[in-house]
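Protein chains in written order, with the working numbering: chain A, 164 to 473; chain B, 164 to 473; chain C, 164 to 473; chain D, 164 to 473.
None of these hints come from the bench; they were simulated from the model.
Think of the CB as a built atom: it goes at the ideal place given N, C-alpha and C, for glycine as much as any other residue.
Certain hints may be false.
[Stated by the list, open to error] Computed from the model, here is a short list of chain C residues facing chain D with C-beta under 8 Å:
id, residue
1, P257
2, G258
3, T421
[Unchecked claim] Some chain B residues well away from chain A (every beta-carbon gap over 10 Å; in silico):
id, residue
4, D204
5, P257
6, H270
7, L285
8, T353
9, R365
Protein chains: 4
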Amino acid sequence: MPASYAYLGPEGTFTEVALRTLPEAATRELIPYVSVQSALDAVRAGEAEAAFVPIENSVEGGITTTLDELVAGEPLMIYREVLLSITFALLVRPGTKLTDIKTVSAHPAAQPQVRNWLRANLPEALWESAASNADAARLVQEGRYDAAFAGEFAAARYGLEALETGIHDAENAQTRFVLVGRPARPAAPTGADKTSVVLWQRDDHPGALRDLLGEFASRGINLMLLQSRPTGAGIGNYCFCIDAEGHIADRRMAEALTGLRRICLQVRYLGSYPRADIAPGEAGPTPPGTSDEEFMAAADWVARCQDGRF
Amino acid sequence: MPASYAYLGPEGTFTEVALRTLPEAATRELIPYVSVQSALDAVRAGEAEAAFVPIENSVEGGITTTLDELVAGEPLMIYREVLLSITFALLVRPGTKLTDIKTVSAHPAAQPQVRNWLRANLPEALWESAASNADAARLVQEGRYDAAFAGEFAAARYGLEALETGIHDAENAQTRFVLVGRPARPAAPTGADKTSVVLWQRDDHPGALRDLLGEFASRGINLMLLQSRPTGAGIGNYCFCIDAEGHIADRRMAEALTGLRRICLQVRYLGSYPRADIAPGEAGPTPPGTSDEEFMAAADWVARCQDGRF
Amino acid sequence: MPASYAYLGPEGTFTEVALRTLPEAATRELIPYVSVQSALDAVRAGEAEAAFVPIENSVEGGITTTLDELVAGEPLMIYREVLLSITFALLVRPGTKLTDIKTVSAHPAAQPQVRNWLRANLPEALWESAASNADAARLVQEGRYDAAFAGEFAAARYGLEALETGIHDAENAQTRFVLVGRPARPAAPTGADKTSVVLWQRDDHPGALRDLLGEFASRGINLMLLQSRPTGAGIGNYCFCIDAEGHIADRRMAEALTGLRRICLQVRYLGSYPRADIAPGEAGPTPPGTSDEEFMAAADWVARCQDGRF
Amino acid sequence: MPASYAYLGPEGTFTEVALRTLPEAATRELIPYVSVQSALDAVRAGEAEAAFVPIENSVEGGITTTLDELVAGEPLMIYREVLLSITFALLVRPGTKLTDIKTVSAHPAAQPQVRNWLRANLPEALWESAASNADAARLVQEGRYDAAFAGEFAAARYGLEALETGIHDAENAQTRFVLVGRPARPAAPTGADKTSVVLWQRDDHPGALRDLLGEFASRGINLMLLQSRPTGAGIGNYCFCIDAEGHIADRRMAEALTGLRRICLQVRYLGSYPRADIAPGEAGPTPPGTSDEEFMAAADWVARCQDGRF
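Okay, chain A solo, but in the shape it has when bound (with noise of 0.2 Å):
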């Protein structure tokens, strides 16, 4: 297995950033590729031992070329998470003043988080859009715009100052990113999880989907993502990429998906992993009834009757 994870490129961005908070990250090589699809590719050909990349975020919800790539081809597994909160520098060429500043640059994702900002202090600068953030901050280097939106971080690798930092839009922006790996046992419950799952339905009627969402609900299992996505058989047809509380491991959530696999279509399994949101442990106790000593008393009491001894 090679030792190195491919992440969305290019170098100086917040998915790097956000890739070198893994503590594993550390000891691989960190290879910036062009798009989602190439780098889990990578995984998929075993060129890279895992992909990182981003999943969700605060302003485009689930992030759909991710999601897609997951949902479609050689099955894929998610291993961690990361969330980072983004806020955008105002990076210039050392010595320009905010007065000079005539065009601006940054990757159109930026955009919504400055739209404000620029029309408070730059309402007259000329928007123009770049591959990457970090793109539009060589083209500052390079003297082509006079200003762009980056990561802080990327200022000394283009030789770039911050002419102002912090600047977001939407408080609590954030963006989340997955380790993403070929299948393998996933990690083991850290006491705060989450589990992914694409499911398809069976067939489309009323109450179709509620009965879906039952399964995880008649256990106590909280959603924390819904995002449907076409199944390309034409419009109005799609699965559901979900994200819920807890790990497969729990007998909660193992339970759920058993029923799951029962009444959909299909259902593909994108791995259980530690939550980014909450420190391990910290995600309190299930909901009565749904703890995994009760799971097993209550299957083993089941057990008793059908042998005849209770």
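Once you have looked at the hints, place chains B, C and D on chain A.
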């Protein structure tokens, strides 16, 4: 183990007739008891191998004395059920004519079944309640009353003749009887089985009972009886006696019972046994996604996911 | 309208005592009837303004003779309920001592309530059933039995004295009585009401009963009684007598009943009336989203949407 | 009201073709806008009577820029939808042969639809993204690129010819467009309608989303689209854009929306309009118990019960 069956006596009642339809009754001593309670106590005390008692009829519904005995006290289990169509004969001393009849007798439970017939044919006759229909026949034999409503089979025993047979106000009048023993391994599934349980709610809130029933419904299990019984904790406090289609050896039933055990304050298993209303193997297929095969395939898939092999 | 109330007699029973707790009873002639059926028939025939009968007790649960009368025949409605705590006195002829008592009598329904007391205090006494507790007292007066279990209030009527009072095996033993009349506008809501209905399922399939109960649950309505009763269409065919919190004038209850009427084969409305277990206005707030105000605001919003004004 | 429709331009795209299938488009001035946002802003500002924009396609699912515009800001309503099958033509300057093509251009959204065709037929051609397919055609006309993927209808406008038509990787590729205006009374039901709403949950707990969907399911309403969108309150906070079968003038839909309004934090009504996938009147009967007639009969029954007349 004593080779005897206790049954609700006296001799010559529908209960005895129903009991004798069981092949195993031919090889046991059949002992009449004066009450359901005493028959079941005989089983609990080890004096009888099993007890045969009525549990439901089409006029009264669940027979509360039997249900209450099963709900409380030392656990018992149901091993067999028998359905008997109930029609009455009008038994008289030989030679009695309809116009001679001034008094009629039977157990009070017979009254709703013969009321219309009486109104049409013997509007002037005086009703006298007896402790059982067989007892009424005996009292006719002794000359105390002119006629008794009882099973036609009782005529010979008491030297009476049936002036009329097939009397029943309600079409499809049936009584269901059960053979009850101490807990042991249930009989093997026959492909047309029923499972009986008693459920006590953990607490009472909007949706509490719906959620209990959801444990059956979400696994495609049909209910055949739901009878509430007071818990003894004061008015408005009920437990629920439930008969559901299927056998505890069926995966869907085992999982439903596991779920109920988790979310209920208490569950009492009353047995899984062949249905008397249809023949073995005639229960038909379970709803999509609820067969043993589908349960096992789904559980196997979850196990493979837990191992990362899929 | 005749200014009389029929009640389940004879005089001197708990039923009469319960009836006399109703202020309106003071201005009516109170007429005992020999059976629940005859009392209700008197109402149906216009001979009595209303009938007062037991409908539920903490030992027997729903009283089936009453329920069956309400389920079938000419529609009737419940207007009031009364809860009465049931404790027995041991009534004897003046001068009788405990050691003198060889025979005791009461209505059979009293037996479960005094069994433990008898075992502890009169283990040798012979039990003789009577048609009512009042009748047992009369038979003691006549010298036929030595003691009767009855309400303490019956002592004076029959020239007896209470050798012991407050006898009850089960704590919180209560009987619920209802005042039943011909259909008319229900009494106004009091802020602590109950609605009674009978439901017949359209068909029987997995989840059918759960879905009926869902009409209450999804509107935050708690159930207080669910009693199945045979429909007469053969064994296993049941309708459901349900008491639910709230008044038909409450929006959530009206909508729940609308839903039930749509999905049931049949619904019989049995009335909305003040709860006897708590005081007017004490029912507490309904769950979030289910108050009249919220229903009306939501309906108003939908009406505005229908008009395109929002 | 200005007699103009704004649409997502430029001219010569699939959006314009779809718009022109609407009879009412023939009598309006059709004005292209550079973005969905600017087209909808024109409506909000009163500069256009309505805007015509894509909202869903079989490759991308819900089009998030359009949904996000409808979810937030001044309320708008959907009045019509159009479904358009999407197949591409390869447009070239007259005389160009397949072997001459070194560069191809189109909007990035076209790429997933032509990828396989390119791989099979022009594996060496260089892909150059354009702002729209129409813009790609213009750039071919100008000689900048050799070929453009666009609708066949764009050939004439830019003096090009279609070297190949009917190019599409996915069968059944369709885009759904909507005509959006300021709130007004929805068009009358046609017997095949759809209702669009946005739901915000009051809180997040196990079963919360299932219960929202239950408001549709319990009234027999099928869902056609469920697309989660971030609320802006941080990662993991979503609202749900839902398309459901039926019209707000239908009783079952009106009641479902009433229920949602009660239990949701917020509901935004986006309109009821004729379905484009089936003809008026072809929606078929609603499930048992959910027709307008059944709703009205049930509500009438409840009203009679409230009055005591039944």
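Hints and how they fare:
1. P257: Given a least distance of 51 Å, the restraint on C/P257 is violated.
2. G258: violated (55 Å)
3. T421: holds (4 Å)
4. D204: Answer for B/D204: holds, closest chain A Cβ roughly 20 Å.
5. P257: holds (51 Å)
6. H270: Per Cβ check, B/H270 is outside 10 Å of chain A; nearest 35 Å; holds.
7. L285: holds (50 Å)
8. T353: holds (16 Å)
9. R365: violated (7 Å)
In this structure, the hints that do not hold are numbers 1, 2, 9, in rising order.
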